[in-house]
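Novice: So the protein sequences, as listed, match chains A and B. Here my numbering is used: the first residue of the first sequence is 1, the next is one more, and so on. Here my numbering is used: the first residue of the second sequence is 1, the next is one more, and so on.
FYI, nobody ran anything at the bench for these hints, they're computed from the structure. Errors might be hidden in some of the hints.
[Unchecked claim] Simulated pairs of lysine-lysine, DSS-like, Cα-Cα distance not exceeding 27 Å: (1) B:K90 to B:K152; (2) B:K90 to A:K6; (3) A:K10 to B:K67; (4) A:K6 to A:K17.
[What the hints assert, rightly or not] Okay, the calculated bits of chain A under chain B, using three or more residues with CB under 8 Å as the criterion: (5) 13-27; (6) 60-67; (7) 138-149.
Glycine is no exception: its CB is placed at the ideal position from the N, C-alpha and C atoms.
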Amino acid sequence: MYNAPKPNIKDLPTKAKLHRSSIIAGIGAVFIGVCVYLPAEYGTDPTGVGNILGLTEMGEIKQQLAAEAAANEALHGGNESSSLMNDVFGLFVGAAHAQEAWQDEITFTLAPGESTEIKATMEEGATMTYAWSATGGRMNFDLHAHAGGEDVTYERGRGQTSGEGSFETPFAGDHGWFWRNRDDANITVTLQLSGAYSEIVRSE
Amino acid sequence: MLPNRSFRSGPQSHPLRQSLTIFTTVVLMLMAFATSAYAHDVTPGDAGYIQEIFGVHIISFIYLGAKHMMTGYDHILFLLGVVFFLYHMKDVAIYVSLFAIGHSVTMLLGVWFGWGINAYIIDAIIGLSVIYKALDNLGTFQKWFGFQPNTKAATLIFGLFHGTGLASKILEYEIAEDGLLANLLAFNVGVEVGQLLALFVILIVMGYWRRSPNFMRQASVANIIMVGLGVLLTYQQIAGYIAST
Chain A
1 MYNAPKPNIK DLPTKAKLHR SSIIAGIGAV FIGVCVYLPA EYGTDPTGVG
51 NILGLTEMGE IKQQLAAEAA ANEALHGGNE SSSLMNDVFG LFVGAAHAQE
101 AWQDEITFTL APGESTEIKA TMEEGATMTY AWSATGGRMN FDLHAHAGGE
151 DVTYERGRGQ TSGEGSFETP FAGDHGWFWR NRDDANITVT LQLSGAYSEI
201 VRSE
Chain B
1 MLPNRSFRSG PQSHPLRQSL TIFTTVVLML MAFATSAYAH DVTPGDAGYI
51 QEIFGVHIIS FIYLGAKHMM TGYDHILFLL GVVFFLYHMK DVAIYVSLFA
101 IGHSVTMLLG VWFGWGINAY IIDAIIGLSV IYKALDNLGT FQKWFGFQPN
151 TKAATLIFGL FHGTGLASKI LEYEIAEDGL LANLLAFNVG VEVGQLLALF
201 VILIVMGYWR RSPNFMRQAS VANIIMVGLG VLLTYQQIAG YIAST
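Modelling step: build the complete structure from the supplied sequences, incorporating the hints.
Specialist: Quick look at the structure:
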């Protein structure tokens, strides 16, 4: 009837053994859930173990990607199913934007560990549209401004090869990017800008 | 195919109702599967993360390997089939090792040499492995063909197919060349860790179940359900393949 005999009750683990194993499994599941799963999926690390294991970074990147995907969807209303799709979609959008007239195109190269700041001098309530892409490696950036005791962060990213979007200034001053190459090869970034700004300021 | 259980003596709690309950559960599971379309689809989160990083990340890849195994229900289903009637830990260790050797070999080689085997075809074969093992458990091969194919060899061979399936999924992850070998080995370790964690839970549940006097009777229903799930997995992949060509 079967490819196996009926189990002999003597061969089976006792109820006590099974109960003990169940408790171990339960404790293990809670431990893995709190110390491994939460950090690795959500970047939440109540015990600090995730950080030691290096899994919290994974969770943070995943959350960042999820937020980006949500933002993308809110922006374009599409139903992109994967980050790859987003990238492809982003390329098309980037290309579409590029066909508009950009006021400035800035190209710069950073060696590993190097950083630079590129900002645009803008009035309060002014709008900037931008697109950038990196070749040779992946870039970290912080799109922000601080002037007269005020500061704002528009977007932060790491390990990215392209980006596009726009922002409206809440106060007058220099608004723009801090770029840093955390990769291990030279990276060349092409940044395209258009909007209401009076000049572009670069600082190393 | 159904074992002739009506000749069993002793009090029986309406086997029909029991079967119906199980059947309903299965139908609900099928519906759940139908919405998720693919067997162990890579979530955008994991793939997205992997495509952001480069260099050696041992623990991250162990985690991802374990997660991949524990959420890949086709692998878990086959594993359940393999240990279903193994009552001794020694046998469990032998069979699970054979499965692990099988899938590790093709997973590592497959990724390293970039074997681009169609994911639908390989996943359909993995579905067939579930059907095979469930039929094997039911003693169907002895009944139909009068002989018993070597169960250890079958576990190893199907392990090779499961590994090829894993490889094709890992290739889709697009792991950076930088640190590939170390990360791949870590992923493989993770797959085995995930398998052992899943096995631990399976053995506890089976342990309680086997102590039940109804085990042998329910076992036939369970394995028939497993055949059904295998058919569903195979069907989904074949349908997917046809749709993709």
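Novice: None of the hints should be skipped; say for each whether it holds.
Specialist: Hint by hint, here is what the structure shows:
no., hint, result
1, B:K90 to B:K152, "holds (13 Å)"
2, B:K90 to A:K6, "holds (18 Å)"
3, A:K10 to B:K67, "violated (35 Å)"
4, A:K6 to A:K17, "holds (20 Å)"
5, 13-27, "holds (count 7)"
6, 60-67, "holds (count 4)"
7, 138-149, "violated (count 1)"
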